[in-house]
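Each chain is listed here by its residues.
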Amino acid sequence: MTAVLENPASEPAVGAVPSFEVTLRIRRYNPESVHGDEATWDEFTVTAHGTDRVLDALHKIKWELDGSLTFRRSCAHGVCGSDAMRINGRNRLACKTLLKDVNPDKPIIVEPIKGLPVVKDLVVDMEPFFASYREIMPFLVTTGNEPSRERIQSAEDRARFDDTTKCILCAACTSSCPVFWTDGQYFGPAAIVNAHRFIFDSRDEGAAQRLEILNDKEGVWRCRTTFNCTEACPRGIEVTKAIQEVKRAMITRAF
Amino acid sequence: MATTQSTAAVAAPRSPYGRRKTTRGNYELYSWVFMRASGVVLVVLVFGHLFVNLMVGEGVSAIDFAFVGGKWSSPFWQVWDLLMLWLAMFHGTNGVRTIINDYAQRDSTRGVLKGLLYLAFAIVVVLGTLVIFTFDPCPANADPELLASFCTA
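Listed in order, the protein sequences are those of chains A and B. Numbers 1 to 255, taken from the working numbering, label the letters of the first sequence in order. Numbers 1 to 153, taken from the working numbering, label the letters of the second sequence in order.
Simulated from the structure, these hints should not be mistaken for lab results. Careful, some of the hints might be misleading.
Incomplete in silico selection of chain A near chain B, CB under 10 angstroms [what the hints assert, rightly or not]: (1) Asn103; (2) Asp183; (3) Lys247.
Heads up, simulated SDA-like pairs for lysine to any residue below, C-alpha to C-alpha not over 25 angstroms straight-line [as the list claims (entries may be wrong)]: (4) A:Lys217 x B:Leu113; (5) A:Lys217 x B:Val79; (6) A:Lys217 x B:Lys114; (7) A:Lys114 x B:Arg106; (8) B:Lys21 x A:Trp181.
Just the calculated beta-carbon pair ranges, DEER-fashion [claimed, not checked]: (9) A:Arg149 x B:Arg106: 17 to 23 angstroms; (10) A:Thr226 x B:Leu50: 27 to 33 angstroms; (11) A:Lys166 x B:Ile123: 38 to 44 angstroms.
Just so it is clear, CB atoms sit at the ideal spot from N, CA and C, and this is done for glycine as well.
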């Protein structure tokens, strides 16, 4: 009798990553297709590994199943902020969300972020979002002569606004805000976070101007502290806290 | 692998927009501060009102026309109730105004709803103020049994 290795193919190699079938239910929109201005849902099933992210599954669909699927991504490692999308009802970065963390037993629902005009499939027009961002003057404002060396700042002064420097402008927060969904007139959490980054910077002298800009009917006072933005932020910024700090700065300035 | 499904349940993607105009000013700031301040004052006023009406003396069973007439013949309770009426109406109206701003998607809807809101506000405040100051605790030809004790004295 010779010892025979039973079913060598079915035995996973030591250290191999287990694979599984996963279905993605993707909201499609293409005004040039037969559906016109109507959005549709498409389902795709792909084989994925335990280490795969939602973005990997989207790549697989685009490269192997349907080349017309459109989405944004650049760095694919959670830094550029291009691939914010609504995955199973929550705004996340597709490149930072592991498939195994969003229950791959059921179809994973992927939609474009809400509140911004959809261009095609998962791509939205970010212009209204960036318009708000530009309005708060996201650059250093100073007076007097430019110093001949760098502007020195203590570690404590730097720590004051450290949290809000992490923003990557992915729009996950703004497009998770129910006040922004209504009519898109609200500045949105991202603009306020980036204003906060300069308002509380000891080197910046434009705080009064920025507070003036955000002291608007559509500014910080429309925040209802629902914390959707804080939950959505892929960088873990305490967005609602930053908004409240800007509110407090306005109140201490007014009284 | 791809299966296109029914499209009926999906809303059409929204049209583009931009921020229409800047609306800077301290109005929303003061309204925000007022909501917090009036809220604190209202807690004192409302619970004081409930305590005096329902707990002190004979409690809830003592409330009748004479009880209210007696209270409103005192300037202290007139001012208390007036303050309660005005603060509650401003606080509540401002809250509903905020909700309308948040939920109404078109300016025309928003305008109509706010118009109705301000009309209701005006009617209640004017009527309430009128009642507090012109209230007659001892109407002529009334059954003396139902009136406050100082009417017959």
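(message) Hint compliance check: list the failing hint numbers for this structure, sorted ascending.
(response) 1, 5, 9, 11
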